[in-house]
Amino acid sequence: MGLRDVSSVEKVLEELSSRNYLADRGLATAVFLSLRQNRPLLLEGEAGVGKTELAKSLSNWAEGDLIRLQCYEGIDSNQAVYEWDYARQLLHLRTAEASGRTRDISTDVLEGELYDERFLIRRPLLQALSVKNAPPPVLLIDEIDRADDEFEAFLLEILSEYSITIPELGTYRSEVKPIVVITSNRTRDLHDALKRRCFYHWVEHPDVDREVEIIRIRAPKVSLLLAEEVAKAAAFLRGMDLYKPPGVAETIDWAEALVTIGVNDLDKDSVDETLGTLIKYREDQERVRSRGFDEILSLVRQG
Amino acid sequence: MNQVIDGQKTLDRYLVDFVDLLRNTGVKISLGSSIDFGLAVTLLGAGSSEDIYWAGRSTLINRPEDVSIYNKVFKKHWLGIDSLADEVNKLPALDFLFDDLPDDSEFEDSSKSENEVLNVKYSSLEILSSKDFSNCNRVELQELFRLMNEIRFTGEMKKSRRMVATKKHRKFDFEKSVRSSFRTGGEIVNKRFQESSKRRRRLVLLLDISGSMEVYARVLIRFVHAVMLGRSDVEAFTLGTRLTRLTKELSTRNPDAALSRASEAVDDWSGGTRLGEGIKEFNDHWGIRGMARGATVLILSDGWDRGDSEIVAEQMKRLRRVTHRIVWANPLKATPDYEPLAKGMAAALPHIDNFVEGNSFDSLKDLSMLLTE
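Chains A and B, in that order, are what the protein sequence lines are.
Numbering of the first sequence is given in the numbering used here, commencing with residue 1 and proceeding in unit increments.
Numbering of the second sequence is given in the numbering used here, commencing with residue 1001 and proceeding in unit increments.
Among these hints, one or two may not hold up.
As the list claims (entries may be wrong) - Covered stretches of chain A (chain B as the covering partner; in silico rule of three or more C-beta atoms under 8 Å from a C-beta of chain B):
| # | segment |
| --- | --- |
| 1 | 37 to 44 |
| 2 | 64 to 72 |
| 3 | 81 to 89 |
| 4 | 178 to 191 |
| 5 | 199 to 209 |
| 6 | 259 to 265 |
As the list claims (entries may be wrong) - Derived Cβ-Cβ restraints for the label pairs, each shown as a range:
| # | chain 1 | residue 1 | chain 2 | residue 2 | range |
| --- | --- | --- | --- | --- | --- |
| 7 | A | Gln37 | B | Thr1010 | 20 to 28 Å |
| 8 | B | Lys1176 | A | Ser160 | 25 to 33 Å |
| 9 | A | Gln37 | B | Ala1346 | 26 to 34 Å |
| 10 | B | Pro1336 | A | Leu299 | 55 to 63 Å |
These aren't lab readings, by the way, just hints derived from the structure by calculation.
No residue lacks a Cβ here, since even glycine has one placed at the ideal position from N, Cα and C.
Given the sequences, and given the hints that come with them, work out the whole structure.
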């Protein structure tokens, strides 16, 4: 039974947590619905809350490939879908000439040879649609808000048909539909049409208990005591109205950094020395330092 | 899914009513999404309110801004807890279309005595276009609004990462050249070239709508709308006691419809000013994470700030670091002997690129020119 037929939200939670991804119920519900209905999952949220990580865990569960398309300004179909390998095509042509074949065959035949699948460079979207007789791949379209509107419209077309037409070769229709995860940092609004096709979830920072579990799973060397202190401190800092509140990725880094320098219990010096792994804006660091660490330390020590 | 709850309503009825209730509070929900919601509930089973809650969250809601209203409607509809009454009954505080523009009665009087209305409109167009908005009467403002709809500007261009073909001998386009060479037996006869295409820089407009700006804000919002009409990558916000995003509301072509939507969305017209905090909110939630990056930011404000001017300075510094250019239009600047005495203005001044007026039609035209450079 594949993950497309997953029976319940509980099952999703269980499968993900066995792959070291601790989702909350809301996210698990969105995952469940998108798996069962074969529709993309659209995740938005602060940086570092685990959007990309979810796609990795899903691909592990699906036992298929993780195909990632990182979007950026100016991305077009050459980088996202396919491209012809011109250098090799040219080489093929020269070889044909050198061997004298060009005299015997017509130009049409030769041109047909040049537009053969072996000269096709598959980029992520085409890769995701050309999987055959294998588990479904997870297609991660990361930071779609960085691409421009035109690309988004183009993507929408592909995601509604799960097919791509290459003029020289014909239409590729996917046999194994990919599991699609789209992430956005909300630097601009996505089109309603794209949102309508997707199940949507706004990923939040985890609560303290879940974060403790996450730290323990991701960084097994960290003691329970330290993990709790770290999670509480992170929760406190998130409430401090910083420019960039620490994400889960940062708290994991921080906990590991603390272990690396041999700290098992937070104190002023160790927090001060390692603050840079947790808080990455100078203004934020200054703010935390000027407020002093006493408040944080007394808070994390409370039971 | 026709199981009957409490003897009268079926489950789907409950679901549909829930969606209706959400729509009434202003959440945009398409028919497709409401069908998805029904399917999701079927898939999850309507066993627990938690499942219904998340089914709705992932199908009906697609912006974090709508979550809190969703929570309230959900509580009311499914759990019978009513915390919604105040929200729904809250009507827009101020209509700024035409109803209470100043000088109204005064104008009525003068039109009776002089009966030269048309004169005002045509022969003195030049005078009108340089006249301070705060001295304009109703007819003059109407005329200005009409003129404003004719303002069009394309905005600044910047190099895009996308390449386009060109006849000019710029960057050699290997792929296209080779591709075209297949027709000539692999011999590159026609060289192809490409260059970076140009794209518009995003423009972000922040309009101060606090009490001290009231007279100007009514006119400037028209200007903001006119600017938005011309192009797609403009974002608009109002700064008052808090920050309100108006990009969606003002994207409607019809100015009256756009403005009435905007006035519904904003509920702090002519309130106090917390300029620094407003800019901070913009920076935190929109600007720094991407919207203002490489963009031109235009702030329309008189710089009066009741809050801490330190915050203004700090936030302007932050904003400056990610933007391409910050332009500040201050209607008061046109007054003779103007000095930036307002705390907020003085704090912001070192962090802006262009400091201009914005009190008359002419000054707005100059502003458009400046933004098109």
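Going through the hints against the structure:
1. Counting residues of the segment 37 to 44 of chain A whose C-beta lies closer than 8 Å to any C-beta of chain B gives 3; at least three are required, and the coverage claim holds.
2. Counting residues of the segment 64 to 72 of chain A whose beta carbon lies closer than 8 Å to any beta carbon of chain B gives 1, which falls below the threshold of three, so the coverage claim is violated.
3. Only residues whose beta carbon comes within less than 8 Å of a beta carbon in chain B count, and the segment 81 to 89 of chain A has 5; three or more means the coverage holds.
4. Only residues whose beta carbon comes within less than 8 Å of a beta carbon in chain B count, and the segment 178 to 191 of chain A has 5; three or more means the coverage holds.
5. Proximity of the segment 199 to 209 of chain A to chain B, defined as three or more residues with a beta carbon under 8 Å from a beta carbon of that chain, is established by the 4 residues found.
6. With 0 residues bearing a CB less than 8 Å from a CB of chain B, the segment 259 to 265 of chain A misses the requirement of three and the coverage assertion fails.
7. Distance hint check: the CB atoms of A/Gln37 and B/Thr1010 are about 23 Å apart, consistent with the given range 20 to 28 Å.
8. Between B/Lys1176 and A/Ser160 the beta carbons are some 30 Å apart, a value that agrees with the proposed interval 25 to 33 Å.
9. Evaluation of the 26 to 34 Å hint for A/Gln37 and B/Ala1346 yields a failure: the beta carbon distance comes to about 57 Å.
10. The hinted window of 55 to 63 Å between B/Pro1336 and A/Leu299 holds, with their beta carbons roughly 57 Å apart.
Violated hints, listed in ascending order, are 2, 6, 9; each of the other numbered hints is respected by the structure.
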